[in-house]
Amino acid sequence: MGLTLVEGDGVADDSDAINRAISDGNRCGPWVCDSATDSPAVVYVPAGTYRIAKPIIFYYMTQLIGNPNSRPIFKADANLEALALIDASPYRNDGKPGWTSTNLFVRSIRNLVIDLTARNPRSGAQGIHWPASQATTIQNVQIKMTKDANSVHAGIFVENGSGGHMADLDISGGLYGMNIGNQQFTIRNVKISNAVIGISQIWNWGWLYQGLTISDCGTAFSMINGGTGKQEVGSVVIIDSQITNCPTFVDTV
Amino acid sequence: MSGKWLPGGCSSLPSIQWQRRYKHSTLLVLLSPSNPLLSAGTFPLAALVLPRAYLPHTLGFKHTFENMWLHSLTLCLLAVSTRQAVAQDNTVPQGTTLTTVVISEPTSDLRADATDPPYWLKDIQKQGIAAFNPNPQGYKVFRNVKDYGAIGKFLAWICVK
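So the sequence lines, in the order shown, correspond to chains A and B.
In short: position in the first sequence from 1, add 672, done, that's my numbering.
For the second sequence, position 86 (counting from the first letter as 1) is numbered 74 according to my numbering, and the numbering increases by one without interruption.
Simulated from the structure, these hints should not be mistaken for lab results.
Treat the hints loosely; a few may be bogus.
[Said to hold, decoys possible] Distance condition first, Cα-Cα at most 25 Å in a straight line; then the derived DMTMM-like pairs of lysine to aspartate or glutamate:
#1 B:Lys114 to A:Asp696
#2 B:Lys110 to A:Asp696
#3 A:Lys816 to A:Asp842
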């Protein structure tokens, strides 16, 4: 027994430690606890590069915050097999989500870099799975993916919920910068480049985008889901935005 | 700096208060009130200068838990054998060898953590509690992932069997 000095980069998997920091203190975890506001956590991540070989699982009322003056990097391991590197509501094997998506409250991610480039672009990888509802935000987050015409990666994946707010995102590469569907959301200052499709709007009731900067994508914004027979997208507002070098701005049915 | 996840019954870890990397060495300032490697004397704070080449993997060791005791032992011997070489000034020139150890009271300069820039959220005194938690005095609202064993790319201490 003793104390020893190690260098973490590429040596230790930091995901267990980060998950311990989130779950410590008998907090409200997925599948076993509907909600709790008496066990909040501010989980601070100092500057550094953290190797992530297992998904980071959010608990109820968690704020994951990096140092904005030197944003920590969560670097996906090449063998990270997960729906997403950060999962706000993981799916169990029987398909049950951690929480009902309309009860995914009081969570946030701030000041972080997520690097998925170690993953093969043809093998599944997503930065953040965020089927979120009220009092939630993702802010000042960069997500890096490899540029590849056959990529299956997505920076942010949202398939459900009743949010929400995101701002100040910088996403590059992948199949989708964002692949997102939710009742409503407000999103501002999002930069997406070198994705096959910048933003894929899976479904919504209403969604406001202010200050998109999308460049070098095949399609900047796709809302074709459901086809002509059952349009899944209710309404989209895009203002104060700049689309550059994307052959198609908006792909509609 | 303690928790049930620590293996082998270690109850505390020294924290790196400050570090600076030189071309051939790394200066670490460790705050380790209960560190068996460094607290045999009366010094609450110690600084070790390690050659970059010391890092276990550069010596050909694999990073396995089985051989970690070797590195612990080496560091322990280093600390003991060089404790005599006390220097009052904290400047460390390039090329400083393994035998240099600086032991002094912490100065404000040394308290700064060069690896993680200042940020009000982590730097402010934490005095709030989760008032409605069943154990408000024991429950931690603010957690630093490094207190739970996350290492990041920087040097860190881990406790091994």
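task: Sort out which numbered hints this structure fails and list those numbers smallest first.
output: none
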